[in-house]
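Trainee: Sequence:
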Amino acid sequence: MKNTSLPLRWKMRIRATLPWLFLCMTLLLAGQIQAQSRPSDWGADTAVFGWVGEILEVTEQEADFYLQKADTGAVRPALVDGQRIIFINPRYLDTLPADVLRLAVLSHAIGHHLNEHRFIRALADDERLEAAEYTGYVLYTLGAQRALLARLPDFLPELAPPDPSEWVAALERGFDRAEAALLAVPHSSYQDDGSGDALA
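Residue numbers (this note's numbering): 53 to 252.
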């Protein structure tokens, strides 16, 4: 009976090539998804990249999501085939009267992804509150006034639940946490060495 198996050297060569083939396929897929976030695909609507970058910078986080331009709707975080995406309609952002509201909407979507939410209906309320807490943290670090928090449900009704009291409370928790974190960090020009003397 004729032996139809591959020679050993070919088997070894194929085995050595498989990891590289897998890596190439992974990079290709990542490149396709990353391409959705390229500013060049957004035409004149690239300001969103600056806002998202600002949010991530002040919270010292790295993006674990991609931005996808949408022609309808508002700003919606989603989990698609295991990939975290934020669908953004630039026309909706244009309707908001202030940048602080755009930052609030975007940080709410980012908060969903940074908290690794799964967007399951049964968890929707808890996930919304976690995202709101992140939004409150962002708004404090970007210099927003506390009084704005109670007015956000009026400006952004699509984010808040019908009874927004818990949602506003979550915003305030994040706001307070950011304030406490800032106050806990000594000023760079004043540090106490334990003797009570200030060090320049």
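Read the hints as simulated data drawn from the structure, not as lab findings. Note that beta-carbon positions come from the ideal geometry of N, C-alpha and C, so glycine has one too. There may be inaccurate statements among the hints.
What follows is a list of derived Cβ distance ranges for each label pair [said to hold, decoys possible]:
1) Asp123 - Asp178: 27 to 33 Å
2) Glu168 - Ser217: 21 to 27 Å
3) Ala99 - Phe207: 27 to 33 Å
4) Gly195 - Arg173: 31 to 37 Å
Trainee: Give a verdict on every hint.
Mentor: The hints, checked one at a time:
1. Asp123 - Asp178: 27 to 33 Å: Holds - the Cβ-Cβ distance for Asp123 and Asp178, about 31 Å, lies within 27 to 33 Å.
2. Glu168 - Ser217: 21 to 27 Å: With a Cβ separation near 26 Å, Glu168 and Ser217 satisfy 21 to 27 Å, so the hint holds.
3. Ala99 - Phe207: 27 to 33 Å: violated (19 Å)
4. Gly195 - Arg173: 31 to 37 Å: Taking Cβ atoms as reference, Gly195 and Arg173 lie about 35 Å apart, which means the hint holds.
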